[in-house]
Amino acid sequence: MPTVLAQAVATPAPGSQQLGQLYAQHHGWLLAWLRRKLGDAHQAADLAQDTFVRLLLSPAALPALPELREPRAYLSTVASRLLLNHYRRLSLEQAWLAALAHSPEPLAASPEQRLALLQSLQAIDALLDALPAKVRSAFLLSQLEGLSYAEIALQLGVTVRSVKRYMAQAFEECLMLDL
Numbered sequence: 001m002p003t004v005l006a007q008a009v010a011t012p013a014p015g016s017q018q019l020g021q022l023y024a025q026h027h028g029w030l031l032a033w034l035r036r037k038l039g040d041a042h043q044a045a046d047l048a049q050d051t052f053v054r055l056l057l058s059p060a061a062l063p064a065l066p067e068l069r070e071p072r073a074y075l076s077t078v079a080s081r082l083l084l085n086h087y088r089r090l091s092l093e094q095a096w097l098a099a100l101a102h103s104p105e106p107l108a109a110s111p112e113q114r115l116a117l118l119q120s121l122q123a124i125d126a127l128l129d130a131l132p133a134k135v136r137s138a139f140l141l142s143q144l145e146g147l148s149y150a151e152i153a154l155q156l157g158v159t160v161r162s163v164k165r166y167m168a169q170a171f172e173e174c175l176m177l178d179l
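Quick note: the sequence shown uses the UniProt record's numbering, first residue 1, plus one each step.
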């Protein structure tokens with residue numbers, strides 16, 4: 001799908017010839033004016049180009065070009081607005097970078113913490129392996145799947161009272177685990 005700029009260039013609008021003349025006559029002046037304002041030749045070139053693109057894409061600007069008495073004043077007004085947007089964007093970027101610099105580093109576990117966590121997980125795994133199959137299943141369905149005791153009873157084919165007994169046994173084993 002062609003961009004708006006490609007469409008504007010492909011179908012010359014009324015006044016586009018005057019825009020070409022305006023560009024030829026005043027681009028150098030606008031570029032120098034922006035270079036003085038910005039102190040950066042590359043940014044100045046980008047904003048000068050954006051100024052003429054803004055005129056090209058503005059439906060009201062092209063027909064009014066032949067009646068311009070002060071084309072430099074008009075160009076500097078358009079460029080000043082773009083310059084203001086540039087400074088706002090720059091200020092926002094700097095504020096974002098400052099906030100990012102003051103944000104805490106992501107917390108990463110130290111090697112000792114990772115080892116302690118791994119050892120705890122191994123102890124829990126050993127505890128679960130030591131439980132009877134129905135006790136282990138009831139405990140995992142409750143804690144990992146979030147099932148109610150009634151749902152666990154249906155799934156295991158036992159009574160709710162048995163599920164309560166299984167859970168009490170699993171919790172008792174967990175409490176005795178020395179981590």
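Derived from the structure by calculation, the hints contain no laboratory data.
Mixed in with the good hints there might be a few duds.
[As the list claims (entries may be wrong)] Only pairs whose alpha carbons sit at most 20 Å apart, straight line, appear in this in silico EDC-like list of lysine to aspartate or glutamate:
no. : residue 1 : residue 2
1   : Lys-164   : Glu-145
2   : Lys-164   : Glu-151
3   : Lys-134   : Glu-173
4   : Lys-37    : Asp-50
5   : Lys-164   : Asp-178
6   : Lys-134   : Glu-172
7   : Lys-134   : Glu-112
[As the list claims (entries may be wrong)] Derived DEER-like restraints, expressed as beta-carbon distance ranges:
no. : residue 1 : residue 2 : range
8   : Leu-117   : Leu-156   : 45 to 55 Å
9   : Ala-101   : Gln-155   : 19 to 29 Å
10  : Ala-98    : Gly-39    : 19 to 29 Å
For glycine and all other residues, C-beta sits at the position ideal for the given N, C-alpha and C.
Structure-based check of all given hints:
1. Lys-164 x Glu-145: Judged against 20 Å, a Cα distance of about 16 Å means the pair holds.
2. Lys-164 x Glu-151: Measuring from Cα to Cα gives roughly 12 Å; hence the hint holds.
3. Lys-134 x Glu-173: Roughly 14 Å separates the two Cα atoms, so the pair holds.
4. Lys-37 x Asp-50: Within the cut-off at roughly 16 Å; holds.
5. Lys-164 x Asp-178: violated, 24 Å
6. Lys-134 x Glu-172: holds, 15 Å
7. Lys-134 x Glu-112: violated, 35 Å
8. Leu-117 x Leu-156: 45 to 55 Å: With a Cβ separation near 31 Å, Leu-117 and Leu-156 fall outside 45 to 55 Å, so the hint is violated.
9. Ala-101 x Gln-155: 19 to 29 Å: Since the Cβ atoms of Ala-101 and Gln-155 sit about 52 Å apart, the hinted range of 19 to 29 Å is violated.
10. Ala-98 x Gly-39: 19 to 29 Å: holds, 22 Å
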